[in-house]
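Since chain A is already given, all that's left is putting chains F and Y with the ligands on it; use the hints.
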Amino acid sequence: MNKETAKNVVVYIGQRVSLTAIALVVLSFMTFTLGQLVPGDAAVVAAGPNAGNERIAELRVEMGLDLPIHKQYAIYLSKLSRGDLGKSWFTHQPIWEDIKARLPASAELVFLAMLLNVLISVPLGVLAATRFDSKTDGAIRLIVMAGAGIPIFWLGLILQHYVAGEAGWFPIAGRVSFEFRDFSGSTGFLLIDSAAQGEWRIFWDALNHLFLPAITLATLFIAVVTRTTRSTVLRTLQEDYVTLARSKGISEYQVVVRHALRNALIPTITIFGMQVGWMLSTTILVEEIFSRPGIGKYAVKAITQSDIHGVVGVVLVMGVIFLITNLIVDIVHLFLNPRHRESVQGK
Amino acid sequence: MQSSNILEVESLSVRFGESRAKAVDGISFGLTKGETLGIAGESGSGKTASILSILGLHQRATVEGSAQFEGQELIGADNKLLNKIRGKRIGLVLQDPFAALDPVKTVGHQISEGLRASGWSKKRAMNHAIHLLEEVGVPSASQRVNAYPHQFSGGMRQRVVIAMALAQDPDILIADEPTTALDVRIQKQVLDLMKQQCESRGMSLVIITHDLGVISNYTDRIVIMYAGKIVEESSRLKLFDQPLHPYTQGLLDCLPTLGHSENEYLKTIGGQPPIPGKLPSGCRYHPRCAFTEPACTNGNNPPLVPVKWGRSACIQLEKFLKESQ
Amino acid sequence: MKPTIRKFLVPLAALLLPTGVLAGPSGTLVIAENLTPENLDPANSQNSTVDQLMLGMYDTLVQFTAGETTVSPRLATDWSASADGLSYTFNLRSGVTFHDGSALTADDVCFTFDRNQAAGANALTDAGPYDSCNIVDDHTVQLNLSAPFGPFVSALGRVYIVNKDLVEPHMADNHARSWLSVNEAGSGPYVLKSYKPDDSISMTAYADYWAGWDGNHVAEVVFRVVPEASTQAALLKAGEVHIAPDLTIDDKIAFQGKDGYITDIGAAATPLYFMINVQAGGPLSDRLFRKAIIMAVDIKALCDAVLQGFCAYPEGPMPSNWPGHVGGIYPEFDLEAAKKIIDDNGWAGTEVNLTFLPEEEIQQRASEMWQANLAKIGVKLNATGDTWPALYAAAQSLDTAPDAGGSSAFPPFPDPHGILYGLLHSSKMGINGGTNFSQYSNPEVDARLDKAASSADQAERMKLYGEVQEIVGNDYIHVLVAQPASVVTLSDKVVGYKYNVAHHQTFNFMDIGLK
Ligand SMILES: Nc1ncnc2c1ncn2[C@@H]1O[C@H](COP(=O)(O)OP(=O)(O)O)[C@@H](O)[C@H]1O
Ligand code: SF4
Ligand SMILES: [Mg+2]
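Residue numbers (the working numbering), protein chains in the order written: chain A, 750 to 1096; chain F, 66 to 390; chain Y, 818 to 1332.
So that you can see chain A by itself, here it is in the shape it has in the complex:
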């Protein structure tokens, strides 16, 4: 990328960020409004069972629920503009703090699952495509079919029971072993904190605890990407430019990696990008089985407790994550796809 291109890319990313910021405000409004339509009253939940009508009415005033919806939203927006997501009605903590306490565990899980996904699905897809119609291809297709068909919950229980419980190869549940339970760090990411403090035993232990949950979470996604990588590589292998690359007398490995795969990566990266959000919303299933804290559980709790600020907070944070992954995908695309780079340059 030359200097001019770099500048344009920065401008382009700026545009993308501001567009998404607008989208987030719209999103917050929609979530806020939808929250009002859901039956059930946050004040009732907050008051607990056996609370009388007066107490609920009091709480409603306290929580601002007596105001008309547009006023509630206006108040919310003005707080939001100051970076205040409000307080949870059930933890009584700033929602941002709640999210900060729970997101790292989910993020670590998604990160490792995504890493496994990338490391497994792409080579597997390429292998299947280059061995098209062979036994290897058949075996991979079978694995993919199974991976796509197994319910995550069931897979998690099976892995936990046999691989962790019976065989004892991995921990059964939790984020870290009992002996390290008092460990904490500044980021909340166990892997980062332990590495930063040079606590490699804890790092390894946390990684160990992540492995089965990550495999459980990743399986479906690996199946999806393996399948699409296989078919895109099959398609790029048919391209004239691959035939011509071969006609130069370079090795088959170079043909596949430099040309067939390199082009197939462009749509694959897009899928990876979409999968991050999808994965994040699936973590709760895995986290329940492996007793890991996470953002999904908080979201569900906020929804069932009609804690609208909590719900909107999570939605916004998810939106930001979505924006960031999209941006990353976009930047990767800028590197992978000269055409895209040029269209940005042209702006």
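No lab work stands behind these hints: they were computed from the structure. Note that CB positions come from ideal geometry on N, CA and C, so glycine has one too. Misleading hints may appear alongside valid ones.
Restraint ranges, calculated between C-beta atoms of paired labels, are given here [as the list claims (entries may be wrong)]:
(1) A/SER827 with Y/GLU1287: 36 to 44 Å
(2) Y/PRO946 with A/ILE941: 51 to 59 Å
(3) A/MET779 with F/GLY342: 52 to 60 Å
(4) A/ILE907 with F/GLY141: 46 to 54 Å
Computed list of lysine-lysine pairs in DSSO-like fashion (alpha-carbon distance at most 30 Å, straight line) [unchecked claim]:
(5) A/LYS752 with F/LYS170
(6) A/LYS828 with Y/LYS1013
(7) A/LYS752 with F/LYS188
(8) Y/LYS1010 with Y/LYS1332
(9) F/LYS187 with A/LYS752
(10) A/LYS849 with Y/LYS1010
Structure of chains F and Y with the ligands alone, referenced to chain A:
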């Protein structure tokens, strides 16, 4: 086999998939050093399948017969051997310059890739790529070497593809319909370029086309294919003057002749060529032939019979020979 | 990768070493918990997940100890009520200190009550007409009521006393709710060590606890949040937790009698009701129709088949182990007799809408069973699963109230008032914002409930509650569908665990030790 031919193809057959139908059915031809050979025939007649098979580039084809480069057998050879021939001894140009270049690699990378694989330094290979681009007529080559394919016009891309094929200084350049996807104006430039490069390098050239007109000025010898078979082989002059096979005549009749406006409706041969696996009995051309006799419809496809200046596969060869004299 | 588990076992084993020679608490007790406490605020003590932690970190004036259905002293050594029943005087134990070392005095007690009142805390929900608190002297407090309330002292078992000095500075922020949600200001036997939502909560023994540490006690209690029942079973098997309260019924049976494990079956009182809306109109307003559909609930089969016998057969509006319970109220399960009533009155084809909470598996199963049985007598039950807030909201208007609603009661102290008032009193009708989803209003019943609530005469109260149960039994307004027992599976290293009916799903920390 004793032969002065640099490339000798013998009984080459190509089949696709499970079906036993042959897309190429036992063709034989030779190519001498420095010669320009044209292979012509309607689309689907097996031209591409033949030449890709020779280089082992048809991934899912079953190939039988023989193709020897300087006496070295290519059919059934492993990639290691083939990679010594591919690019280095035989260069390839394909029909569609829009599909022939990898969209995500610079043209310089693609031109120099083969050289780099043979151990050239990056700098040297790139310099050579610039030199080649200049040679094939790409302006401001030293900058364009870093451009991506989509930044070139169709004609320029085909020049890049030619530069790519020439990069390792091969002995044979095979061009599969190199001008079909190009503007009429540019077709001639590209053909001239190839011809001139072959002459200056002493390289043999194989030009494949479905349009006899394209190659009428460029080839020494022409092979006509129909439904996976060679039906006629002739020198260029003889072919246009005295076509022996009714199919060749049909192809020639379809050419626009001087004095006709370009917009004028062109004659075509009636009917469709058969597809592999659904071949008619007897002469494969008989359903479309203007001279079909009952004898044409039975038995096997007529064999190629040598004449003084070539070969032809028609049971009425004698009759046509006489008539044309 | 096996070492992961061994690595864990070694230090745990070290912690578990017998401590015969050493005085004081030792060992770490690990308890699996399927829910995460929403917060640690004593104001929220009606929530059993919160309550179980409060029991460790805080003290109350009076307490129900495990196995008892009457209150006993804790911070209050003794108490007395004024003749008019409008004020109660408590003498406080001296020498009690909070975890910061400061003394617990009457000032802290009154601060606690005032704060709960101001915050609208559910901790005071059951304390009836509580009005105000006076400091008599450092170790004497007087609690005043606006009307006499019989079970007042019993209702104080979940009012956890907070350290005024620590809490007061945070009062400006939502009555210190935010601060107390993640901090602790108690005087209880255990001190909060760490609180990781959805992960774990840990408490360590408070060395200066007023009751002392003689006997076998644990030095640390860790709650591990383990939502999945099967994971709890796996962890129990692996020795990573000592107590797994939330196993599936199948796992509970599998662990029962197995070497190395103890199964504690406690007579619980968490009755599940299907309440029939008597104001729904149509046949539902006819007590005979309601009788017929109640006769279609196979209470015994539900207990035997779904709860696998970990239950009692309910016979009337109150759990059979509850003080004041009267049996033999409900009609026997009898589909033939029920069908006859339906047919005789031409009610066949009637549709009844039930809203239940599918979160509780027993509700789901009971609904299915009821539906199947009602189909046999010609009544169509449309069962819809929903959330508690949604059901509560729907019940507030007769237009939206379902014909029947499923709801479990979690009475906070063993007294009939804790169940019957909310279930039957007209002021607690759904349309009045209460949990009487039967929308049942009967002056005869109201009068008796009110009288019993304000009386301090236990014999008289029980008589009145007995009459109430007979009356509503005749009106066929609900059915107590299931009375599940508390089944807790423990490692046999645990000694002293006992179920506490006044603190469902909690642990009697001070009695528990490790072998
Ligand atoms: N990869 C392939 N798989 C199956 N059939 C093919 C494949 N490539 C070519 N064919 C068939 O082989 C025959 C010859 O094709 P081709 O060599 O491309 O013809 P031409 O180059 O003369 O137009 C056609 O019938 C075509 O359909
Ligand atoms: S053999 Fe018969 S049908 Fe075939 S080309 Fe000759 S004349 Fe025509
Ligand atoms: Mg072709």
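Here's how the hints hold up against the structure:
A hinted range of 36 to 44 Å is violated for the C-beta pair A/SER827 and Y/GLU1287, which are about 59 Å apart. For the pair Y/PRO946 and A/ILE941, the supplied restraint of 51 to 59 Å holds, since their beta-carbon distance comes to about 55 Å. In this structure the supplied range 52 to 60 Å holds for A/MET779 paired with F/GLY342, their Cβ-Cβ distance being about 59 Å. Roughly 48 Å separates the CB atoms of A/ILE907 and F/GLY141, a value that falls within the hinted 46 to 54 Å.
The hinted pair formed by A/LYS752 and F/LYS170 meets the criterion: a straight-line CA distance of about 20 Å does not exceed 30 Å. Among the hinted pairs, A/LYS828 with Y/LYS1013 is consistent with the structure: their alpha-carbon atoms are about 27 Å apart, no more than 30 Å. Simply put, A/LYS752 and F/LYS188 have alpha-carbon atoms about 23 Å apart, close enough for the 30 Å limit, and the pair holds. Taken as a hint, the Y/LYS1010 and Y/LYS1332 pair is honoured in the structure, with Cα atoms around 23 Å apart against an allowance of 30 Å.
Between F/LYS187 and A/LYS752 the CA atoms are separated by roughly 24 Å; this keeps the pair inside 30 Å, and the hint holds. Only pairs whose Cα atoms come within 30 Å are accepted, and A/LYS849 paired with Y/LYS1010 is accepted, the gap being roughly 20 Å.
Hint violations for this structure: number 1 only, all remaining hints satisfied.
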